[in-house]
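Protein chains: 2
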Amino acid sequence: MAKQNIINRTIGVNFNNLGLADVLVWAPFTDKVLLKLADEELAIIKQEHGYFSLTTNKLKPGDQYQFVVNGKSLPDPASLLQPGGVHGPSAAFDLKAFAWTDADWQNIPLSNYIFYELHSGTFSADGTFKGIEDKLDYLVDLGITAIEIMPVSQFPGSRNWGYDGVFPFAVQNSYGGPAALQHLVNACHQRGLAVVLDVVYNHLGPEGNYFGQYGHYFTDKYHTPWGSAINFDDAGCDEVRRYFIENVLMWFRDFHVDALRMDAVHAIRDFSPNHILREINQHVAKLTQETGRTHYVIAECDLNDTRYINPLQKDGYGFDGQWIDEFHHALRVTAGGERNGYYSDFNGIADLAEAYQNGYVYHGQYSNQRQKTFGTTTEGINGRQFVVFSQNHDQVGNRMLGERSSRLFSFEMQKLMTGAVMISPFLPMLFMGEEWSEPNPFQFFVSHSQEELIEAVRKGRKAEFADFHAEGKAPDPQDQSTFENSKISWGLLDKGQHKVMREYYKNLIRLRKSQPAFKNTNRENMSVLVNEASNTLT
Amino acid sequence: MAKQNIINRTIGVNFNNLGLADVLVWAPFTDKVLLKLADEELAIIKQEHGYFSLTTNKLKPGDQYQFVVNGKSLPDPASLLQPGGVHGPSAAFDLKAFAWTDADWQNIPLSNYIFYELHSGTFSADGTFKGIEDKLDYLVDLGITAIEIMPVSQFPGSRNWGYDGVFPFAVQNSYGGPAALQHLVNACHQRGLAVVLDVVYNHLGPEGNYFGQYGHYFTDKYHTPWGSAINFDDAGCDEVRRYFIENVLMWFRDFHVDALRMDAVHAIRDFSPNHILREINQHVAKLTQETGRTHYVIAECDLNDTRYINPLQKDGYGFDGQWIDEFHHALRVTAGGERNGYYSDFNGIADLAEAYQNGYVYHGQYSNQRQKTFGTTTEGINGRQFVVFSQNHDQVGNRMLGERSSRLFSFEMQKLMTGAVMISPFLPMLFMGEEWSEPNPFQFFVSHSQEELIEAVRKGRKAEFADFHAEGKAPDPQDQSTFENSKISWGLLDKGQHKVMREYYKNLIRLRKSQPAFKNTNRENMSVLVNEASNTLT
Chain A
292 MAKQNIINRT IGVNFNNLGL ADVLVWAPFT DKVLLKLADE ELAIIKQEHG
342 YFSLTTNKLK PGDQYQFVVN GKSLPDPASL LQPGGVHGPS AAFDLKAFAW
392 TDADWQNIPL SNYIFYELHS GTFSADGTFK GIEDKLDYLV DLGITAIEIM
442 PVSQFPGSRN WGYDGVFPFA VQNSYGGPAA LQHLVNACHQ RGLAVVLDVV
492 YNHLGPEGNY FGQYGHYFTD KYHTPWGSAI NFDDAGCDEV RRYFIENVLM
542 WFRDFHVDAL RMDAVHAIRD FSPNHILREI NQHVAKLTQE TGRTHYVIAE
592 CDLNDTRYIN PLQKDGYGFD GQWIDEFHHA LRVTAGGERN GYYSDFNGIA
642 DLAEAYQNGY VYHGQYSNQR QKTFGTTTEG INGRQFVVFS QNHDQVGNRM
692 LGERSSRLFS FEMQKLMTGA VMISPFLPML FMGEEWSEPN PFQFFVSHSQ
742 EELIEAVRKG RKAEFADFHA EGKAPDPQDQ STFENSKISW GLLDKGQHKV
792 MREYYKNLIR LRKSQPAFKN TNRENMSVLV NEASNTLT
Chain B
292 MAKQNIINRT IGVNFNNLGL ADVLVWAPFT DKVLLKLADE ELAIIKQEHG
342 YFSLTTNKLK PGDQYQFVVN GKSLPDPASL LQPGGVHGPS AAFDLKAFAW
392 TDADWQNIPL SNYIFYELHS GTFSADGTFK GIEDKLDYLV DLGITAIEIM
442 PVSQFPGSRN WGYDGVFPFA VQNSYGGPAA LQHLVNACHQ RGLAVVLDVV
492 YNHLGPEGNY FGQYGHYFTD KYHTPWGSAI NFDDAGCDEV RRYFIENVLM
542 WFRDFHVDAL RMDAVHAIRD FSPNHILREI NQHVAKLTQE TGRTHYVIAE
592 CDLNDTRYIN PLQKDGYGFD GQWIDEFHHA LRVTAGGERN GYYSDFNGIA
642 DLAEAYQNGY VYHGQYSNQR QKTFGTTTEG INGRQFVVFS QNHDQVGNRM
692 LGERSSRLFS FEMQKLMTGA VMISPFLPML FMGEEWSEPN PFQFFVSHSQ
742 EELIEAVRKG RKAEFADFHA EGKAPDPQDQ STFENSKISW GLLDKGQHKV
792 MREYYKNLIR LRKSQPAFKN TNRENMSVLV NEASNTLT
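Taken in sequence, the protein lines are chains A and B. Note that the numbering used here has the first sequence beginning at 292, numbered continuously upward. Note that the numbering used here has the second sequence beginning at 292, numbered continuously upward.
By construction, these hints were calculated from the structure, which means they are not laboratory data. Among these hints, one or two may not hold up.
Note that identical chains are pooled: a pair holds if it fits in a single copy or bridges any two copies.
To be verified - Derived pair list, reagent style DSS-like, types lysine-lysine, alpha-carbon separation capped at 30 Å:
no., residue 1, residue 2
1, K512, K790
2, K512, K605
3, K512, K753
4, K327, K426
5, K327, K512
6, K351, K337
7, K512, K750
8, K750, K294
9, K706, K786
10, K605, K577
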């Protein structure tokens, strides 16, 4: 049985130097697993700790296969491609077949990252990786240095933000699958663009989730807002930890991804002596040692706790950076946005000053919304560890109607808000289309195939807006038009005010890149003065 | 409103220097709280964060009172005395009234602790603190240096191990209440004995638990084996944390307790930046700074994770020590005890050698029973941080029939097992009566008043023994005779083999105290050699 290693993926189906398929699947609940091919079934050999392994010449790249577990034919939990969607068979894929031409590429320093968050399905008319590739020259011209791709792991149907993915290793078939993703990353690197991929390790989606039939992937020790917590510290956790560590390594090693954005790490519960997040980052460090390539891991974290971004040597979890939602909240309230829901903890300009000064607005104060003292000091943390934005997929899409800033703030206020992001001592992030003040919404959409689940999502969505919008009707997440309405309008690029805004963004980005003062993320010499009366900072 | 401080208890009812009662209760779910006295009701004034406070001359020490919350008359969550049991009114008690005569007492160094664990209800014929006091001279003569008292916080009825306590601040009325506990500690100190108190912060018992009617004491974010987890990191947690921190401080400051043994800290879930256990130990350190008195806090912990016992300065939780159940398990399997249930991970003499060498038997190996890699290295940890035993209330009482070693091992084997404990580089602990090879069992007993709960406990007990005893009938926990049968037999003290055993213990303790080699807890120069064939260590 292949032991976990740094330089090769070992779980699922992988092709070795002889071109044979090495098959490794973890199925501790059974004594027998079969590999089901087009016209035969092969017995896989039981190993210790619930693993089953086999090396065979009967499975070739492109071939479809399933595992038979307790009489049921199931997709591979470590599948790289689901050609027929989440419920169908898996397809073997050779991770090493792609002809990379980015040997000269070197990751850019983190402090030079200017992120551009995009959703593959709505970024271009055809909603594929190829659609993104076609716009790379535009993005280079705009001046951004990194595209951040919302999750691409196989989800049910063809319309989803990506957070309902159920096969962490499989690249969404409707986006083009793994080969198209490798092609896209290669194309980015040839243009000097870094690639950030959003990954989700706090839960697995509700539809097409066959993991419980294989092993203890879940635990009921903890609750998450999205169902069962992934088992990182209970019986069987060694294998689950290995599964996710291998996932991280794969994106960097086999897809040449430059950075990961890890979704909602605060919902990853682990009482092991070494937290899984720390162990992941330790493995990333080992990979860099092995390959000489630099990789960044950035957390989305709602805890205002520097433990996550402190270095490994200081017993931190070792994330290179984290998103700062509170900067966004303070900025929007200052700009005159509404103050209900999670905005209720924010009061305007003084909070924005806190964000400029500390990253975290709450760094030890009592929060009325959380009903507790919240946050740690950020002393000694460099500003490049904080990613800020005036809008992103969540803040836009989690409004009932999905309105972007373009629909909520005046043209001039939009410019001010972007300015606030761009001159911050943190790393700026744009959300696709904001640079031309895209008027279309970004709404919540799904394409489930199970009626019960579709209804549950509809209901859940409605419940979520109790706090936000008393009036109006929530768009139907399952409706194809909700997805179509969320596509950005490339036709506006050179029109009227849209063009003006785009030029403004371009100049602002150029300014940030050329003026050392604007990209200085060393916070030590910074001071922020608040003028409440004029609602300004100096 | 009184802020939490180190030198005075601030929550519940406390008497200030003018003899007035300062009343402080946290009731965030309501806008109105009344203080109900014998013949009147006083309105308590609402403060911030859900607190209500009042200073009055109408409540005197000894007076009974209740709080009226949402129309219901309830006991005080921070009650010091429940004269009529868990459901009745609370009684005011002046923590500072006792005339201490232990001003010269100084806590003994931790490495000199020889623990004697006892259960107040079954240790003496009358089952009270006074009953313990009457035997102190005997314990001094035996040579032990510290008594460890199983939990005394108010529990339902008069028979309970103590882990179903519901009023963490109230001292069990049937044991004699808070004044009698202060008297006992004082008497111990006069004889040179230290006092360790067992406290439970991982849950509150099922009967008489009125906390949910006051505030967010519980969270459903985590599960515990005993029901709702206490809320240390969710909305309202500041006040819950303060409640338990004040509890710790009270035992040390107002009861002169020398050390706490904290029950099952692995079940205390907290994702705050500063874990509640660490914050507790930080407050204990502050108390020592304030008073000059030394206090120890010892954890029961099932995680083999040195984070708990690493010092505060090294980001540890700062416990002075922890129990090592694995030493016990390895010892018993080596001695020929059964190997089912939690013993199945242990194989005998080689594991005992691991325990001698590392404290933790599992310090990074794969555990078949836990189905995961388990434990951290204990390098650099001094042996005085580990408490070991050949039996304790749990290992005895959690057998279906509650048999002590006296019923399971030969006389000579019992001597060998005690020898193994006494010559270890760790701190030894005895369980009451083992020194004369007490033949009576220590069984699980309760005295609930709710039929449904009584049945649930009976069933739960039976289910627990699926792994252990296929045959035989479990004693009824609710039956008075189960409690009576668990009392130790002082009449045997000077009889036959019992006397021989007692002399053996006394000599062994004297040897440990007089021979530096036997009480050396510095593990660096120790080596343990295993001889599997002869089942011996050298």
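Hints, one by one, checked against the model:
1. For a Cα distance limit of 30 Å, the shortest separation of K512 from K790 qualifies neither inside one copy, at 53 Å, nor across copies, at 49 Å.
2. Taking the shortest Cα distances, K512 and K605 sit within 30 Å of each other both inside one copy (28 Å) and across copies (28 Å).
3. In this assembly of identical chains, the alpha carbons of K512 and K753 lie at most 30 Å apart whether taken from the same copy (28 Å) or from different copies (23 Å).
4. In this assembly of identical chains, the alpha carbons of K327 and K426 never lie at most 30 Å apart, being 41 Å within a copy and 73 Å across copies at closest.
5. Within a single copy, K327 and K512 get their C-alpha atoms no closer than 34 Å, and across copies no closer than 41 Å, so neither meets the 30 Å cut-off.
6. Proximity of K351 and K337 under a CA criterion of 30 Å is satisfied intra-copy only: 22 Å inside one chain copy versus 73 Å between copies.
7. In this homomeric assembly, K512 and K750 come within 30 Å of each other (Cα to Cα) both inside a single copy, at 26 Å, and across copies, at 22 Å.
8. For the homomeric pair K750 and K294, neither the shortest alpha-carbon distance inside one copy (45 Å) nor that between copies (44 Å) is at most 30 Å.
9. Only within a single protomer do K706 and K786 lie at most 30 Å apart by alpha-carbon distance; the minimum there is 17 Å, versus 93 Å between protomers.
10. Both within a single protomer and between protomers do K605 and K577 lie at most 30 Å apart by alpha-carbon distance, with minima of 17 Å and 25 Å respectively.
In this structure, the earlier hints numbered 1, 4, 5 and 8 are contradicted, and the remaining ones agree with it.
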